Each structure stands twice: as structure tokens, then as C-alpha cells.
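A.B. asks: Fit chain V to the supplied structure of chain L, relying on the hints for placement.
Residue numbers (my numbering), protein chains in the order written: chain L, 20 to 513; chain V, 2 to 488.
Some hints could be false.
[Unchecked claim] When the alpha-carbon atoms are kept at most 30 Å apart in a straight line, the in silico DSS-like pairs for lysine-lysine are as follows:
| no. | chain 1 | residue 1 | chain 2 | residue 2 |
| --- | --- | --- | --- | --- |
| 1 | V | Lys355 | V | Lys100 |
| 2 | L | Lys111 | V | Lys355 |
| 3 | L | Lys107 | L | Lys246 |
| 4 | V | Lys355 | V | Lys37 |
| 5 | L | Lys250 | L | Lys107 |
| 6 | L | Lys246 | L | Lys299 |
| 7 | L | Lys111 | V | Lys100 |
| 8 | V | Lys94 | V | Lys355 |
| 9 | V | Lys94 | L | Lys111 |
| 10 | L | Lys107 | L | Lys299 |
| 11 | L | Lys425 | L | Lys376 |
| 12 | L | Lys496 | L | Lys376 |
| 13 | L | Lys111 | L | Lys299 |
| 14 | L | Lys111 | V | Lys379 |
| 15 | V | Lys355 | L | Lys299 |
| 16 | L | Lys107 | V | Lys379 |
| 17 | L | Lys299 | L | Lys250 |
| 18 | L | Lys496 | L | Lys425 |
[As the list claims (entries may be wrong)] Listed next, with one range per pair, are the computed distances between beta-carbon atoms:
| no. | chain 1 | residue 1 | chain 2 | residue 2 | range |
| --- | --- | --- | --- | --- | --- |
| 19 | L | Ala388 | V | Glu334 | 56 to 62 Å |
| 20 | V | Glu334 | L | Arg297 | 25 to 31 Å |
| 21 | V | Gln376 | L | Asn221 | 43 to 49 Å |
| 22 | V | Ser97 | L | Ala302 | 33 to 39 Å |
| 23 | V | Glu340 | L | Arg256 | 37 to 43 Å |
| 24 | L | Asn221 | V | Glu415 | 54 to 60 Å |
| 25 | V | Arg34 | L | Ala63 | 48 to 54 Å |
| 26 | V | Glu479 | L | Pro65 | 54 to 60 Å |
Rather than coming from a laboratory, the hints here were simulated on the basis of the structure. Please read these numbers as outputs of a predicted model, since none were measured by experiment. All C-beta atoms, glycine included, are put in the ideal place defined by N, C-alpha and C.
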Amino acid sequence: MTETATLTAAALDRYEVVIGLEVHAQLLTRSKMFCPCPADYISAAPNENTCPVCLGLPGVLPTINQQAVEYTVRTALALHCDIPAFTKFDRKNYFYPDLPKGYQISQYDLPLSVHGHLEFPVGGETVRCGITRVHLEEDTGTMHHAGDVLQSATSSLIDLNRCGVPLMEIVGDPDLRTPEAAREYLVRLRQILTYIGVNDGNLEQGSFRCDANISLRPRGADELGVKVEVKNMNSFRAVQRALESEIERQTGVLDSGGTLVQETRGWVEAQGRTISQRSKEQAHDYRYFPEPDLPPLRLDTAYVERVRAALPELPEARAQRFQQQYGLNAYDAAVLTDTREDADTLEALVAAGVPAKLAANWQSGDVAALANELRTPLRQSGLGIDGLASLLRLVDAGTINGPTAKELLTELYVGGGNPEALVRDRGLAQVSDTTELSALVDAAIAANPAAATDFRAGKQQALGQLMRSVKDATGGKADMPLVNRLLRDRLAEQ
Amino acid sequence: MTPRTITELAAALRSGSTSPRTLLADALAHAERSQKDLNAYLAVTRELAEAQADAATRELQDHPDTASPLCGIPMALKDVLCVDGIETTAGSKMLSGFKPPYTGTAVQRLFDAGAVCIGKTNCDEFAMGSSTENSAYGPVGNPWDIERVPGGSSGGSAATVAAGTVPYSLGSDTGGSIRQPAALCGVVGFKPTYGRVSRYGLIAFASSLDQIGPFTRTVEDCALVYSAIAGHDPRDSTSDPRAVDDPLASLHAGVAGMRLGVPREYLAAGLEPGVRASVESAFRVLEAQGATLQEVSLPSTDVALSVYYVIAPAECSSNLARYDGVRFGNRVERPTVTEMYMQTREAGFGPEVKRRIMLGTYALSSGYYDAYYRQAQKVRTLVSQEFEAVFNQVDAIVCPTSPSVAFPMGSHDEPLSMYMCDVVTLPANLAGVPGISVPCGFVDGLPVGLQVIAPRFEDSRVFRVAQAYEQATEFHAELSPYAREAA
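Chain L with its partners taken away, still in its complex shape (with noise of 0.2 Å):
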């Protein structure tokens, strides 16, 4: 546990923390909110995709992004929310360059759904938050700054490629009680997210963004404490520890008999601490009205029945339909649904005629590894989904044995091929013939009698010896588990 966990622990027992998130997440649409441009920013050129729409040029209108509605409303329906049959968008009025109409298109009172939950595990228990709302709004562009901040900067260098990106607000009801349950909040919110392909859940590039919400309050104490907002967290990790920080810091500030300040905080990564940005004083006024430019939405109960037919199986049931179907236990279920490219991968290799559980070891085993270490998925690997079923089928007929199978699936991972040519053509097939290891059993008990009569006599590890030498006479291909049978058998007739 760190210092600052310790801390953390300390001052929980004396005051409750209420922790509330709000999460921006970029819709993976093809367009932006507002106008036809792409909504790829990264791989463009600065400033390339922008049009007098996004630009804010005068006399350009806004048009609704249809996708990103269904996207939101997709969301939504994945958190149980409740979808309004009328909903609008406002505009939020401000100053800043990287906002060139001088408002953002958002929503206020009417947001396209509201009144959702979320679960997921903390520490062994489930923890259930409320999700006070999801609604739609369009993103800022960016900015470079020669110096630290636009204020004191001798020059600033404004993109606009990021400018109109739908983006999706999810705030969640003040549930929350340790930095913990916050992050994996999180985790389980982002998962979903992406689960339903609506985000691509990158807290780094800043497509998965949080500001947390945090008071404390003496145990036992109705009213809520003085909220300070966080922000400038990009990592799971740093939320965390921004979190941490800054229960430490209110503690401090309470216990000493001080009074908190209703403020905006950022987190400083290096400096480990959060630092403040922002007082109530000096919080904009952001004079919220209906857009003009935009007639009110109405989403019909057929279309948000349509949207909800189309969802996808969510992470969550996911799982418990592959304890139940496949068999596989709660941890295994658990980490093959994590992503839904993986469920999709095991679903895809016992529609490929592996067995489940077969499958489901190579996965997160072997596979998982490789993965990891050769910063490859599966899918772009040289052997892809249907390689890795022949593979494993390959196993599961007793045609090659288990340390055969992983070295060639080493090899084609990197290298691709066609496992059964490759195990026809170099003779990889496992001697499983009985009559061929009997023989090879007798050899090796006449070749190694100390071994033989020290088993014998109860000594267990003195098979290992054996057995190596039936393996290497086999050239590894032996059937281990037939060998391992056979000379047990031979070893107790005599």
C-alpha cells in the first residue's frame, strides 16, 4: 500500500468520501456533430478538417450528426437510462480560442437520457452508481502554446481538427466512496463503451476523459461537504492517485478546523498533488439558452426500440452466458469477456470446432502472452482466428502434443503457415502408438534401473527421468500423458 493509500485508509474512518464523475467520451462516428467534416484528428494535418461549419464562420448552421445520435441513445440504453421522448440542444456561451462560435453546442435541461445505473465489482462486492445523465455536445480544437498557459503565452497555435468531434457526457451521481470505486467505475464504464463501439476508450489521446467531483463529510453527516472538481487526470491510475491526494489534502484541511473552498483543481502528475485552477468566484457564467439554430429532437419509442434491439450483449451477461454454456469458470468468463474482441475470439474458435475450454486456456494463456510481448493481437498475427483453430484442433484430436503445439504457435504468430501442412510436412505428429511407447518404456526402465527401483520404493520424481528419456527418444513427440500411463503400469507389474 503507498503512503498516500495509508493516508487515504486513515481517513476514511472518520469521514465519508463522496466522489461523483463526469466522463466526455468522443463518438467513434465517421463525421463531426455538426457538419460532413471527418472526425479523424489525429492523422490529419492541423487545421485539415475543418469546414465554414466548424470553423464558425458567419452565417454557417449546424445540421445533427444522426449516427452520434443513435450512439448516445445506444449508451444510454447500455447504462438504463431512461430516453426522453423530447430532448434539445443549448448553447453554452464563453470565450476561448479554441471554441470559434464562442459557444458550445450542448445540452442543458432537457439531456437526450437521464436516470441510468452502472455495476461493477470493487474489492469482491458489486457497487452499483447512479447515472444522473448522458447527453450529447461537440468538442473543442486544440491548442500549442509557446509558454505554459494561453494567458502568458507569446504565441498560441490553434487546430481545429477536433473542433465539432461528437462527444458524449456521462455524469454519474455522487455514489461513489474510495478513489477505488472510482477507477473502476471507470474501467467497467470505458469497457462498455467500447464493448458497444461507440469509443475507443484512449484516456492518453484524451478520447476517454474524467473530472471527478469530490467532498468529504464527518461520518454520520446528512449535509454534503464543499465540493472541489478535479480534473487533468489521464490515466485510470491518476485519477486514482488525484483522488488520494485529495481526500489527504481536504482531511488536512478539515482536520487543522479549517474550511474548504468551493473550487476547480488540477492534477499535477509529476508533482503528485493537485493544484487550484479555479474559485466559485471566478466560475463562468455560461448563460445556457436553446440553440435557435437547431428544432428540438424527438426520439419515438420505436426508434429507441429499434436502437435497443440492435445492442450488443453486454460484458457483464457476456459472462454469465459463458459459464452456462461453455462451462468456463467465473475468472476465466471474467477476463475472456474483458473486451468484446475477445469474446469474440473465443466464440469464434468453438464455432470453429475447438472445445470451449480448450479454447479458453490457449487464450488467455499462451495467446495472451504473445500477444503482450510481441505487441501483436491475434487478429493482425501471422496465424489469426482461424490458424489458431486449426492449431487447437490439431491438440484436441491428439495429433500433436502440448509443448509441439506452442512451439509452433510461436512460429506462425509471427511467421503465418498452415498448421496441418506444417505438422504433415515436418513429421510434428505425436507417436501415440501403444506398441511403439511400450517399447520405448521397456528401453528406457532397462536404461535407467536406479530410477526404476527408486520409483519403486515410493520415490515419485524419479519418473521425470523416465519419462525425459521415452520424450527425447521420440523426439518430443511422444504422447505424454500415454507415456506417463504406460510406465506407470509397466513399473507396478514387476
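C.D. replies: Just chain V, lined up with the frame of chain L:
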């Protein structure tokens, strides 16, 4: 020979008695001669016009039967309408030198029909005003008396048609900015139903009220131009997808049997006696045509002005936030970005624009929103409902367009007296209903306008009533001194 209408010019072009180049040369020469007195143009777009005239010439030769009636005919655009590569300033120093990289939908539709654009017309800065005195580029003279205002905000577009330079122009109407200058300049001016003409490419003043519309010399011409620009545009989400009915089909149907309402509040105190007399005699003309006139009531008229001056500034405070000196328009260089914003907007905006931004910012502020903006929206709904109720009793409303005739420049130096100019036009914007102003008389040589208002999407009915009136009178044929010179 009088300055000819679109209909007459279209026939002349087809008979070969004139050509697009000849019409263009006459229009440019007239624009140039009258510019010193009228200041109607902020830019003359000779190069664009010549290219369009030549294209129109070919079109008329190749497809004389299918070419639009607008093909080859000169026109002008209020300087709030964006044209690709042509300086568009909205009458503001903020946008001097700004050349949009695109052309707006309504303008593009005219260009596609073969229109020949001779220039961008002067207007109140960002269309805020009723006299065109708020232009950063000097006021516009009224062709009937250049010491007087042409009305506003589309003063240049009204004046250039009244001067006979071009047979039509486009303006924009947020609270009366087409109808009021049409009345003060003695021409026809039409504000379509909100949602009928795409606002894409119109520099926004108040998005929920703005609508583009034409100035012409006759009602028929007006219907013709309206037909060319109206219709759904996927780029404007507030544009209505329903098909537009052809206003020319019912243009000559007359008013016999029609019930026309006269709102008692619109003839209340504040109306100049001469205007009242002209409008009342216009009512008699319509009765003589077979219409039945009856008094109706729009009780919220007195508060509509207040509602308008909350909603329009609120929207404008947000719409004009983009003029921040960052990417386009003019910038005052300062060491920090906040100072740059403040100095840029201080230097770039005129006093009326600043006043409305301040009003609107206040109305939307935390703690005041409910008392101002929300309350105004509620009363706006009431205003719409009152129109609906009246239209259950009558087919259309007839009333004055402006409480006064053209007033001397500088005479309305107090903002509120200027705001009162729009008291009988702005309710139509709040309700989104169509309205037209047609010439209906003169007071001391200055034109008076009759306003016709119909239910939403009954734009054709507006033209039908206006046409019946125009056919029975000769006021539209009266020429300003500049138009007589053009002839």
C-alpha cells in the same frame, strides 16, 4: 420608358431588344451615378456580374424556353448575405475585408437561375437598426428625399430598387428590416414564413427571427423571386421540408369573399395621421374588391416590443461571440488574449451592436434568465397564439407597415424611439408568419406602406391580397427622382 420589372425585362431579353450585358452596363452606371447621394452600395461586384451576365447570355441563347425569368437580370444583395470570395461586412468594421469561402443557399439559388449580382448593399451593422444609420460605412439616402432615412436595416437594398438601379434585391427581416424600408422607400418587400427560405449563408442577427426576402417594384416580381429562393435546405435545420406552393398560381385570384382583419392595436396612438389616412383608404380599396374587413385584436402587441428586445438581443449576444479576432475579421493586437478580445470588440462593433450584446448578455445571465429570457419566450408563445386565434376569424391581416413615413436622418437619436419603428412589423417575426409591404399612398411626397400578414405557410395568400390591392391602385408605379432619372 419607366424602370422595368423583372417580368418586363425577361420578355425583353427573349425578344432580343436588350441583352444581359446591356442591362448590366445600365445598372452599374446608375449605381455609380447615385452612389454619392444614396450610398446604397458597400461594394460593386463588376467582375462577378460580368461573368454571370455572359453565362446568362449563353443560357438565354441555348435554352430560351426553359431559362428562369430571373436569368440575365441585374440584382443586388444585402451585405449580410455571403458570396464566395466577395467581401461581406454586415455593415460592420469588424468584418471589413472578410471574404467568405462559400455562397449561401438562397443566393446560390438565384445565381443558379442566372441572376446577375451587381453589388452588396449597405445596411445597419449586423442588421440592427431601423434607419440604416447604424452602418459603419455611413447612412443611406432615401431616393424620395436624401435627407431622410430609407428605413432599415435593409436600407440599401430598399433604396437601390426604389432608385430604379435594379429591379430586385434581397434583404433580411428580423423585426421588420425588409417591410419597414420597403414602406419608407415605396417598393414591395416581403418577409416569408419562418423556415421557408434557408438562412444558410445569412450572417445571423437573431436566429429564431431572421428570414431572407426580396424587394421588388411589383407583387408579381416579388412572388417570382420568392419562388426562386424558397424551399427546404438540408443545411438549415430550421427550414421546413414541406413543398412550397406556387404563389403565381393563385396570384390573380382576387380578394372577393375574403375576410380581412384590422388589428385595433396596430391603428392605436403613435400612428402618424397621414399614414392612418393612407392605410384606411387602402382598406376601402380592398372592400371595393369584394373583401370583408373587420376589426380584430392582438392584445399582446404592446408587450411584443419588449419580448422582441429580450429575445433578439439574447440570440445576438451569442451569435456575435464569434467575432473575437481569433480567426477571421479584424483584430486589435494586444499582449494577452483577454485584452485582444476586449479591444477587438471595442473597436470593431458600433454602439447599437454593443448595446444589444449587453442587453442580451444580461437577459441570459444567471439569476436573470427566468425573469427575462424565459418570460419573454412565454409571451412569445402568447403572441403566436393570438395570431392563430385571429386567423380563425379572418383570412389575412391588413395594417400599416410603419407608424411613420421616412424620417430625417438624426431625428431618432434615442434608441427607444428607433425601436418603436418596428412595433407593427416585429410581431410577425415573433410568430413566424409571412408579411408583405406594398406602396399605398404618399404623405408630403413620402411613401406609405400597407402590410398584409397571413398564417404560417400561407405565403401565397399574402401575395394574392397584395396583388389585388396593387392591381386596383397606381402607387407602385410612382417613381422616385432617381428612378425617373434611370428611365
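A.B. asks: Confirm or reject each hint.
C.D. replies: Results for each hint:
A C-alpha spacing of about 23 Å is found between V:Lys355 and V:Lys100, which places the hinted pair at or below 30 Å, so the restraint holds. For the proposed pair L:Lys111 and V:Lys355, the alpha carbon gap of about 20 Å is at most 30 Å, so the pair holds. About 29 Å separates the Cα atoms of L:Lys107 and L:Lys246, which keeps this hinted pair within 30 Å; it holds. For the hint linking V:Lys355 to V:Lys37, the alpha-carbon distance of about 29 Å falls within 30 Å, and the restraint holds.
Of the supplied pair hints, the one linking L:Lys250 and L:Lys107 holds, its CA atoms being roughly 27 Å apart against a limit of 30 Å. With a CA separation close to 10 Å, the supplied pair L:Lys246 and L:Lys299 stays within the 30 Å bound. Between L:Lys111 and V:Lys100, the direct Cα distance comes to roughly 28 Å. Compliance with the 30 Å bound is thereby established for this hinted pair. Of the supplied pair hints, the one linking V:Lys94 and V:Lys355 holds, its CA atoms being roughly 13 Å apart against a limit of 30 Å.
Of the supplied pair hints, the one linking V:Lys94 and L:Lys111 holds, its CA atoms being roughly 27 Å apart against a limit of 30 Å. Restraint check for L:Lys107 and L:Lys299: satisfied, since their Cα atoms lie roughly 28 Å apart, inside the 30 Å limit. With a C-alpha separation of about 17 Å, the suggested pair L:Lys425 and L:Lys376 falls inside the 30 Å cut-off, and the hint holds. Distance hint between L:Lys496 and L:Lys376 is fulfilled; the C-alpha atoms sit about 23 Å from each other, no more than 30 Å.
Simply put, L:Lys111 and L:Lys299 have alpha-carbon atoms about 18 Å apart, close enough for the 30 Å limit, and the pair holds. This hinted pair checks out: L:Lys111 and V:Lys379 have alpha carbons roughly 21 Å apart, not beyond 30 Å. Between V:Lys355 and L:Lys299, the direct Cα distance comes to roughly 28 Å. Compliance with the 30 Å bound is thereby established for this hinted pair. A C-alpha spacing of about 17 Å is found between L:Lys107 and V:Lys379, which places the hinted pair at or below 30 Å, so the restraint holds.
Among the hinted pairs, L:Lys299 with L:Lys250 is consistent with the structure: their alpha-carbon atoms are about 15 Å apart, no more than 30 Å. The suggested pairing of L:Lys496 with L:Lys425 holds, with an alpha-carbon distance near 12 Å, which does not exceed 30 Å. Evaluation of the 56 to 62 Å hint for L:Ala388 and V:Glu334 yields a pass: the beta carbon distance comes to about 59 Å. For the pair V:Glu334 and L:Arg297, the beta carbons lie near 27 Å from each other, so the given range of 25 to 31 Å is met.
Between V:Gln376 and L:Asn221 the Cβ separation comes to about 45 Å, which falls inside the hinted range of 43 to 49 Å. As the Cβ distance of V:Ser97 to L:Ala302 is approximately 36 Å, the hint placing it in 33 to 39 Å holds. Hint check: V:Glu340 to L:Arg256, Cβ distance near 40 Å, so the stated range 37 to 43 Å holds. Taken as a hint, the range 54 to 60 Å holds for the pair L:Asn221 and V:Glu415, whose Cβ atoms sit roughly 59 Å apart.
Distance hint for V:Arg34 and L:Ala63: a CB-CB separation of about 51 Å, consistent with the stated range 48 to 54 Å. The hinted window of 54 to 60 Å between V:Glu479 and L:Pro65 holds, with their beta carbons roughly 59 Å apart.
Checked against the numbered hints given earlier, this structure breaks none of them.
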